[in-house]
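Enquirer: These protein sequences, in sequence, are chains A and B.
With UniProt numbering applied, the first sequence has no gaps in its numbers, which climb one by one up to 246 at the end.
With UniProt numbering applied, the second sequence has no gaps in its numbers, which climb one by one up to 288 at the end.
Derived from the structure by calculation, the hints contain no laboratory data.
Be aware that a few hints might be false.
[As the list claims (entries may be wrong)] Below, a list of computed lysine-lysine pairs in the DSSO-like style, where the Cα atoms sit at most 30 Å apart:
{"#": "1", "chain 1": "A", "residue 1": "61", "chain 2": "B", "residue 2": "123"}
{"#": "2", "chain 1": "A", "residue 1": "28", "chain 2": "B", "residue 2": "266"}
{"#": "3", "chain 1": "A", "residue 1": "222", "chain 2": "B", "residue 2": "84"}
{"#": "4", "chain 1": "B", "residue 1": "280", "chain 2": "B", "residue 2": "258"}
{"#": "5", "chain 1": "B", "residue 1": "55", "chain 2": "A", "residue 2": "68"}
{"#": "6", "chain 1": "A", "residue 1": "242", "chain 2": "B", "residue 2": "113"}
{"#": "7", "chain 1": "A", "residue 1": "26", "chain 2": "B", "residue 2": "13"}
{"#": "8", "chain 1": "B", "residue 1": "123", "chain 2": "A", "residue 2": "237"}
{"#": "9", "chain 1": "A", "residue 1": "68", "chain 2": "B", "residue 2": "87"}
{"#": "10", "chain 1": "B", "residue 1": "84", "chain 2": "B", "residue 2": "113"}
[Claimed, not checked] Now the in silico label distances, taken between C-beta atoms and shown as ranges:
{"#": "11", "chain 1": "B", "residue 1": "213", "chain 2": "A", "residue 2": "244", "range": "53 to 61 Å"}
{"#": "12", "chain 1": "A", "residue 1": "33", "chain 2": "B", "residue 2": "71", "range": "58 to 66 Å"}
{"#": "13", "chain 1": "B", "residue 1": "106", "chain 2": "A", "residue 2": "62", "range": "49 to 57 Å"}
{"#": "14", "chain 1": "A", "residue 1": "237", "chain 2": "B", "residue 2": "267", "range": "21 to 29 Å"}
{"#": "15", "chain 1": "B", "residue 1": "56", "chain 2": "A", "residue 2": "205", "range": "43 to 51 Å"}
{"#": "16", "chain 1": "A", "residue 1": "62", "chain 2": "B", "residue 2": "262", "range": "40 to 48 Å"}
{"#": "17", "chain 1": "B", "residue 1": "267", "chain 2": "A", "residue 2": "206", "range": "50 to 58 Å"}
{"#": "18", "chain 1": "B", "residue 1": "262", "chain 2": "A", "residue 2": "28", "range": "23 to 31 Å"}
{"#": "19", "chain 1": "B", "residue 1": "287", "chain 2": "A", "residue 2": "80", "range": "40 to 48 Å"}
{"#": "20", "chain 1": "B", "residue 1": "56", "chain 2": "A", "residue 2": "241", "range": "22 to 30 Å"}
C-beta atoms are modelled at their ideal positions from N, C-alpha and C, and glycine is treated no differently.
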Amino acid sequence: MCIITVLLILISLMDGRRANELRKIKCKPSVLSQADGSAYIEQGNTKCLAAVYGPRETRQKAQLIHNKANINVEISLAPFSMPQERKKRSKSDRRLLEIASAVKQTFEPIIMTNLFARSQIDIYLQILQFDGGTIQICINAATLALIDAGIPMQEYVCACSAGCHENHTLLDLNNAEEMADTPELTVALLPMSGKLTLLQMDSRLHVDKLEPVMNLAALGCKEIYQTLDETVREYVKDLFQKSSPY
Amino acid sequence: MFVRTQRDNFESKVVTPGQVITADTQYMRGHGTYLNEEESSHISSVAGVVERVNKLITVRPLHTRYTGNIGDLVIGRITEVTNKRWKVDINSRQDAVLLLSAINLPGGVQRRKTEADELQMRKFFAEGDLLAAEFQGSFNDGSTSLHTRNLKYGKLRNGSLIVVPPALVQRCKTHFHTLSCGVDVTLGLNGYIWVSKHSSKNLDELDPEAIYSNDNEPVDRSTRETIARVCNCINALSRHFMCITDTIIAYAYEASLKYPVKDLLKLEAMEFVTTEVRHKLSVVRSIY
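With the rest of the complex left out, here is chain A (with noise of 0.2 Å):
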């Protein structure tokens, strides 16, 4: 047994789940009272806070579509966010960039963007702390705020990555998983309909691996939507109930 099958058992035993279990989920709709929607998630030790403003008026004259929505991404890691190295990162940060376009591009075709011409809608998510697949729980975290904000979407959208190791597939990588060189693919689709909208892998995998790797990520994907499904359904039961008049 190799080092690394011996390191990622020990990570295992620490993280206290099995190879095909998701990290523990917490998430909290609406917690910010400025945004129109926003929301906070926790998947293990990735904590992210999402705000979502719009269908507003376009800000910059330039980015107006006559004929839909211009959406827009930003997303930022806190300078606390990972306990080796504190540094302050630059909102132009490449690899945050390239995440915020992956984001962007996902929800594009997903939330109804020719309802709201001419408008603009802007996805602020912040990471606040850092154990991890950023992309996943920026997705996860991006739509509990959208629908939050009230904006329509044919459904919602989640995100999960899987991994192999050593014949061994993986579900939802923490950091330390990432960091022993697992090619990690990560996935994000519509639950309902079983429609893929990104799917993403940096490193190489045997192509006999793909198919378990992939439908492994899919049912963690299907797990997410179930609990943000739960907690969006409690949520509105409870406004629904504060809001009637008697």
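Given the structure of chain A, go ahead and fit chain B onto it with the hints provided.
Expert: Chain B only, in chain A's frame:
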């Protein structure tokens, strides 16, 4: 009237995006819904409550921006002064347009606009000014227009603005209220609420020059405190997502008298005020 062919089991049901509302194709697609690719079932696109009017199904999200309806009273803030028009922020998907020809010019209702008026538009409304207006209509490209062609509408002075979710303000016969505590409340359907000093002037004897004045009248200390108290009460109601009407504000005001004005910003005071209001509402309901 529409005859129910089967029991409607979807009304006032909570739905989330992607959920099938009904597979019955006789219904019409309203806001917050879409048809699937085979056009065989209605699917919700927002999280909210299903509403049905005859054959039309809509889903109403509870936490969203304002969507205008003709005749609504709205309160807005001028964001831009452009050629013959103002842009007004009304908490909607786009800034609304207020045309120079859609306001009451000083010097009588019958006066037409002149070129001199175009040059001095900032004398009527400048950037940042608040105004009450009526929603006039929306156009194909999604833009909307307002008008203030009534002495009830116009520039807002002597008071304070408070913003609540638009779903909490219900459409009523009138949106201009004078509370028994001596302040005026204007409930904009877009969720902007204006609380101001009571103006006793009759609309007919209003000085035409004064309607666009930028100067506040002197407001004494006790009135200021009352305005602040009413604002804090409305804030407490909106934090607890309760409907806002003149009676509910009056109940909240009564309940709040136990606390000094600034303590109403504390969570426990808000909790107390809203539970008192709920209690009172249930008592009132049991009487009728």
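Enquirer: So which of the earlier hints does this model not fit?
Expert: 3, 6, 8, 11, 12, 13 and 19
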